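Construct the entire structure; sequences and hints are all you get.
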Amino acid sequence: MATQPPVVSFKHVAKRYGAGPLILDDISFEANRGDFISLIGPSGCGKSTILKLISALSPISGGEIVVEGVAPSEAMEEMFFVFQEPTLLPWLTVAQNVAMPLRLRGSKVQKRDELIAKSLAMVGLAERAAYYPRQLSGGQKMRVSIARALSLSPRILLLDEPFGALDEMTRDHLNEELLAIRQQQEWTAFFVTHSVAEAVFLSNRIMVLSANPGRLHEEVRVDLPYPRTEETRQSREYQKLVAHVSKLLRSVERLRDQAPAAATA
Amino acid sequence: MKITFDRLLPVLSGLGLIAGWYAVRLALDAEQRFLLPQPHEVLVAFGDNAPAIWQAVRNSALGASLGFVFAVTLSFVLALILSLSPRVRTGFYPYLMILQMTPIVVLAPILILWVGPGLNSVIIITFLICFFPMVVNTTQGLISTDRNLVDFFRICKASKRQEILLLRVPAALPYFFTGLRIAGTLAPIGAIVGDFYAGSSAGGGGGLGYLTIVFSSQFKMGALFATAAASCALGFIFVAGVVSASWWALHHWHDSYTKSDS
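Protein chains in written order, with the numbering used here: chain A, 1023 to 1287; chain B, -10 to 251.
Take these hints with a grain of salt, some might be off.
As the list claims (entries may be wrong) - Label-pair ranges, simulated between beta-carbon atoms:
#	chain 1	residue 1	chain 2	residue 2	range
1	B	Leu63	A	Leu1277	52 to 62 angstroms
2	B	Ala222	A	Gly1146	53 to 63 angstroms
3	B	Val77	A	Glu1252	29 to 39 angstroms
4	A	Asp1189	B	Ala222	47 to 57 angstroms
Said to hold, decoys possible - Heads up, simulated BS3-like pairs for lysine-lysine below, C-alpha to C-alpha not over 30 angstroms straight-line:
#	chain 1	residue 1	chain 2	residue 2
5	B	Lys146	A	Lys1033
6	B	Lys209	A	Lys1130
7	B	Lys209	A	Lys1140
8	B	Lys149	A	Lys1133
9	B	Lys149	A	Lys1074
10	A	Lys1033	A	Lys1269
In case anyone wonders, no lab produced these hints; they're calculated from the structure.
Bear in mind that the values here come from a model prediction, so they are computed numbers and not experimental data.
For each residue, glycine too, the CB sits at the ideal point set by N, CA and C.
Here's what the structure looks like:
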């Protein structure tokens, strides 16, 4: 494992939008193949910005990012983004939505149908293929969004708080589903969340960020074995980690509150 | 029971209106009665002048349709150009405003001198009236695409052409149809007003506007009312057309057609 080059590496990365304040400062880390990294921290700490930098949706202001050995903009085919909102095209059916990335990246129609069926089956929505997004619940829409990302079999999956708007039951269920899918499709994941419990349940690494500007405060390793189930949530180890990360999060929030107000402008 | 009564309401109010019409007519002095023909007299006038009215309806419908189609097509092309950058919009919008602000009464004589009275002038006037709401609405639609959806297309490495055709244009459809509804209401009005100022009877080409001038010069009140009714019917046909097109394009996915629970 150690000899393999990192999937994603950040070296002293800084980011600011235009002439605005520094959003991210001196971020350095390496992600290895198969890592499930959660990014957690107070609002405005630049969690989502990190995903945008990896996916080349936004340029860096300093430092260097290498994805699969090349610049992020050259590695776009290796990754896919799952947004906070389902971001489905409302005028297309579920199947047509899942097909869109394949269509845009020019995959053959026959192969496309096969991949759509497979991805929808993975998220348990095979029988909803002909539905329109407005006929689905919030959780189902998010599942379609995940199926759409999976259809491309990405090597890196960037998830920007995908379950934030869902109720806790649905969220727990989707977390388990996500890990089950990961058993079938090995990808490296970057997962932005506000939920400590979710971060601990899903990840093997949690990066706690502080705000104004966003810096890497501390990294927590989660050595709980996969597959993780409802029993994992009951385990003492899990509870201890949740308590530990919560404490860290509280401390960085205190730091942010003490920071000069000008930085939030 | 309530539903049946609700359905009868328009019929009942229509009958009430006709009764009121007769009542007002009876209340008028004898020498003023010619100003308000009775409903049945309007029907008779309609019958007597049917060939002329029918011909005028066809001419106005042709002018309105062609002006409308040109406006929709060209406005779409211009909206695509305007959506490309805020700078282009800043450069173009003032001139679009001028187009909208100039009254038809002022433009008509110029158009008559340029292209002659008749169908050509009517088409241009209809076009000018329909163009502005179409451009403004469609442009707004094309630039209002959800930011996340644009990012999603960028991650998929979509070309600019794919982004426009597969994302921006379909996402702009609700705005486009809002413009279309406004333009659809304005098109027959534009054609009739245009015809009033710039119409011509040459070659049987006069429309409803021109016919109005003819009937009013002859003091044919019944025929004038019949012409008004025909104009109204033409307007309804246009509105029904655009409403149906809008329903056809949007009902299966757009929230505005979602059945509410209440």
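Each hint, compared with the structure:
1. Checked against the hint of 52 to 62 angstroms, the pair Leu63 of chain B and Leu1277 of chain A passes, with Cβ atoms roughly 59 angstroms apart.
2. In this structure the hint that Ala222 of chain B and Gly1146 of chain A lie 53 to 63 angstroms apart at CB holds, the actual value being about 54 angstroms.
3. A hinted range of 29 to 39 angstroms is violated for the C-beta pair Val77 of chain B and Glu1252 of chain A, which are about 57 angstroms apart.
4. Remark: the range hint 47 to 57 angstroms for Asp1189 of chain A to Ala222 of chain B is upheld by a beta-carbon distance near 54 angstroms.
5. Among the hinted pairs, Lys146 of chain B with Lys1033 of chain A is consistent with the structure: their alpha-carbon atoms are about 26 angstroms apart, no more than 30 angstroms.
6. Among the hinted pairs, Lys209 of chain B with Lys1130 of chain A is inconsistent with the structure: their alpha-carbon atoms are about 70 angstroms apart, more than 30 angstroms.
7. Distance hint between Lys209 of chain B and Lys1140 of chain A is unfulfilled; the C-alpha atoms sit about 74 angstroms from each other, more than 30 angstroms.
8. At roughly 25 angstroms between alpha-carbon atoms, Lys149 of chain B and Lys1133 of chain A fall within 30 angstroms of each other, so this suggested pair holds.
9. Pair hint Lys149 of chain B plus Lys1074 of chain A holds up; C-alpha atoms about 20 angstroms apart against a cutoff of 30 angstroms.
10. With a C-alpha separation of about 27 angstroms, the suggested pair Lys1033 of chain A and Lys1269 of chain A falls inside the 30 angstroms cut-off, and the hint holds.
In the structure shown, a violation is registered for the earlier hints numbered 3, 6 and 7, in ascending order.
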